[in-house]
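Number of protein chains: 2
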Amino acid sequence: MTYSLAIHGGAGTILRSQITQEDEVKYNHALHDALVAGNDVLIKGGNAVEAVAASVVSLENCPLFNAGKGSVFSNEWKHEMDASIMDGNNLQAGAVSMLHNVKNPVLLAKEIMQNSEHVYLCGEGAERYARQQGLSFEPDEYFFTHLRKEQLEEALRDNKIMLDHRTAKDRKFGTVGAVARDIHGNIAAATSTGGMTNKKFNRIGDSPIIGAGTYANNHTCAVSCTGHGEYFIRGVVAYDVSCLMEYKGMSLMQACEKVILEKQVKLGGEGGLIAVDNAGNLALIFNSEGMYRGYVTEKKDFKTDIYK
Amino acid sequence: MTYSLAIHGGAGTILRSQITQEDEVKYNHALHDALVAGNDVLIKGGNAVEAVAASVVSLENCPLFNAGKGSVFSNEWKHEMDASIMDGNNLQAGAVSMLHNVKNPVLLAKEIMQNSEHVYLCGEGAERYARQQGLSFEPDEYFFTHLRKEQLEEALRDNKIMLDHRTAKDRKFGTVGAVARDIHGNIAAATSTGGMTNKKFNRIGDSPIIGAGTYANNHTCAVSCTGHGEYFIRGVVAYDVSCLMEYKGMSLMQACEKVILEKQVKLGGEGGLIAVDNAGNLALIFNSEGMYRGYVTEKKDFKTDIYK
Chain V
1 MTYSLAIHGG AGTILRSQIT QEDEVKYNHA LHDALVAGND VLIKGGNAVE
51 AVAASVVSLE NCPLFNAGKG SVFSNEWKHE MDASIMDGNN LQAGAVSMLH
101 NVKNPVLLAK EIMQNSEHVY LCGEGAERYA RQQGLSFEPD EYFFTHLRKE
151 QLEEALRDNK IMLDHRTAKD RKFGTVGAVA RDIHGNIAAA TSTGGMTNKK
201 FNRIGDSPII GAGTYANNHT CAVSCTGHGE YFIRGVVAYD VSCLMEYKGM
251 SLMQACEKVI LEKQVKLGGE GGLIAVDNAG NLALIFNSEG MYRGYVTEKK
301 DFKTDIYK
Chain L
1 MTYSLAIHGG AGTILRSQIT QEDEVKYNHA LHDALVAGND VLIKGGNAVE
51 AVAASVVSLE NCPLFNAGKG SVFSNEWKHE MDASIMDGNN LQAGAVSMLH
101 NVKNPVLLAK EIMQNSEHVY LCGEGAERYA RQQGLSFEPD EYFFTHLRKE
151 QLEEALRDNK IMLDHRTAKD RKFGTVGAVA RDIHGNIAAA TSTGGMTNKK
201 FNRIGDSPII GAGTYANNHT CAVSCTGHGE YFIRGVVAYD VSCLMEYKGM
251 SLMQACEKVI LEKQVKLGGE GGLIAVDNAG NLALIFNSEG MYRGYVTEKK
301 DFKTDIYK
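So the sequence lines, in the order shown, correspond to chains V and L.
This note's numbering numbers the first residue of the first sequence as 1 and each following residue consecutively.
This note's numbering numbers the first residue of the second sequence as 1 and each following residue consecutively.
Chain V extracted, bound-state conformation (with noise of 0.2 angstroms):
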């Protein structure tokens, strides 16, 4: 059996003469240990779960990416995280929102997928889990990094909620995630994000929504998606791309266009997705600019890449 595993790190309007050659060498590289970090578990055998989990944490450490570490700043000055993590061995799942000082909100998510009955915790009761449950916090200097300041300064004096906020024209839809099957058949998905610079009333886009950001069934597929959470959300992306392989047969690939590149586009939605099958088949697609992104068989073919 072989085994295989996807990552991204946002998508958007991410364009070769926006990124200077120094940024895109970190982003690479950021890219390249997070596949390294997936691939160390993969490599010994280890299972789909944690082997996202490790990708996802190493994305969340990165002040590069907006998830954990490097997280936008919302309306009030504060990190709201969210993050969710499914196992396609057991349907298991787990997920939280509106998440502030948990270092690494998909471990929470894997917490509560192994260690309670919910799927969905929330805010401080959330926090108040990952404290019983002995996860690490850490104190917003943590979080903070100049960039996101900036963004949120200029967002501020444009009055604009933006995803991810880099210039006016820009979209970027900043949220992390990786997809693997293991040596056993199994496969997992795992996305986390850091949400809106700007974002007010608390909102909460598709990253925590089983079904819409994150997704996987043994059966089918395991999907993490990154995107303009409304349009993810009502178009149910990540289970769609499921079921359009188990009721209308379709491959991977097949379903994974049909959504981004047809239903999505029609909808309106801006962003892509990675996905895996049960055979260890890879997609990784979007309709948008860019999408930092990555994969690694067992071939050890490490690739990473930014642009269309």
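Among the hints, erroneous ones may be present.
To be verified - Below, computed lysine-lysine pairings styled on DSBU-like, alpha-carbon distance capped at 35 angstroms: (1) L:K263 <-> V:K266; (2) V:K248 <-> L:K258; (3) V:K78 <-> L:K26; (4) V:K78 <-> V:K44; (5) V:K258 <-> L:K248; (6) V:K258 <-> L:K266; (7) V:K258 <-> L:K103; (8) L:K263 <-> V:K200; (9) V:K44 <-> L:K300; (10) L:K258 <-> V:K103; (11) L:K248 <-> L:K26; (12) L:K69 <-> L:K263; (13) V:K266 <-> L:K78; (14) L:K78 <-> V:K103; (15) L:K78 <-> V:K263.
Derived by calculation from the structure, the hints in this document are not laboratory data.
Please arrange chain L on chain V, whose structure you already have, making use of the hints.
Just chain L now, with coordinates in the frame of chain V:
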């Protein structure tokens, strides 16, 4: 073109032996009133969204059901309410979680759907949006009922998290919901809940999750669920019914039976759903002992029921 409307007031271990004749009359009256509220909209040519909102408001305002007034108490003696709504005509959706003191959570979900750029708002932020949009608030006393107080006291004594708990042997999934098809051929669904008695950690169930507790699409069906939320989230129940119709060519009844009587039973998920297809056919399906439910079509065939 014909119209039709179905409602539910929760599912679970609802046995004739446990309900007095007096209570039975009260429940049937309340269900009838909720049908009348939606029917009043539909008979005048009103749209499906307004009809499901009217029926759910009627159920939220009735202290017999676990939603709005009459919501159960969380572990911290709070009423934490969730709701969602979806418009099958344009796939617009609105949802709220962890809401306090908003009189009708379903109307806030509708407001978010129709007048914000978001789909899903949560907690304090959602309440701030509700105040800004002029929705009605009520003090804690409004939501108080002696029955719910006794239920929390009993749950605290037994140290159990209970789903609309009555007796140790009881499992009730306190949720209300409505689905409708209007004379213009549009369909819609809405769901609202007070959650679980003695719930901790700000747990969220399927009720506010688009795709799990609520879904509507004019091309297929509108669905509102009531059941053990964790299993309904993992099964992406409402959207699964839609996918089985769209991708597998199943009828509404076939799809609902497949999801509730086969897939959810296999997964371990107790509960039920109400659904309407784009031709106005209705399905009211549950795998539990009972489900408070009712329907009406333009034949004015008002019908309410409780047991199997």
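Results for each hint:
1. L:K263 <-> V:K266: holds (31 angstroms)
2. V:K248 <-> L:K258: Holds, at roughly 16 angstroms.
3. V:K78 <-> L:K26: violated (47 angstroms)
4. V:K78 <-> V:K44: Distance of about 39 angstroms is beyond 35 angstroms: violated.
5. V:K258 <-> L:K248: holds (16 angstroms)
6. V:K258 <-> L:K266: holds (30 angstroms)
7. V:K258 <-> L:K103: Violated: V:K258 and L:K103 sit about 41 angstroms apart, past 35 angstroms.
8. L:K263 <-> V:K200: violated (38 angstroms)
9. V:K44 <-> L:K300: Since the Cα atoms of V:K44 and L:K300 sit roughly 66 angstroms apart, the hinted pair is violated (cutoff 35 angstroms).
10. L:K258 <-> V:K103: Roughly 41 angstroms between the alpha carbons, so the hint for L:K258 and V:K103 is violated.
11. L:K248 <-> L:K26: violated (41 angstroms)
12. L:K69 <-> L:K263: Holds, because 33 angstroms separates the two Cα atoms, which is no more than 35 angstroms.
13. V:K266 <-> L:K78: It is violated: about 42 angstroms lies between the C-alpha atoms, which goes past 35 angstroms.
14. L:K78 <-> V:K103: Holds, because 28 angstroms separates the two Cα atoms, which is no more than 35 angstroms.
15. L:K78 <-> V:K263: Roughly 41 angstroms separates the two Cα atoms, so the pair is violated.
Against the hints set out earlier in the document, violations occur for numbers 3, 4, 7, 8, 9, 10, 11, 13 and 15.
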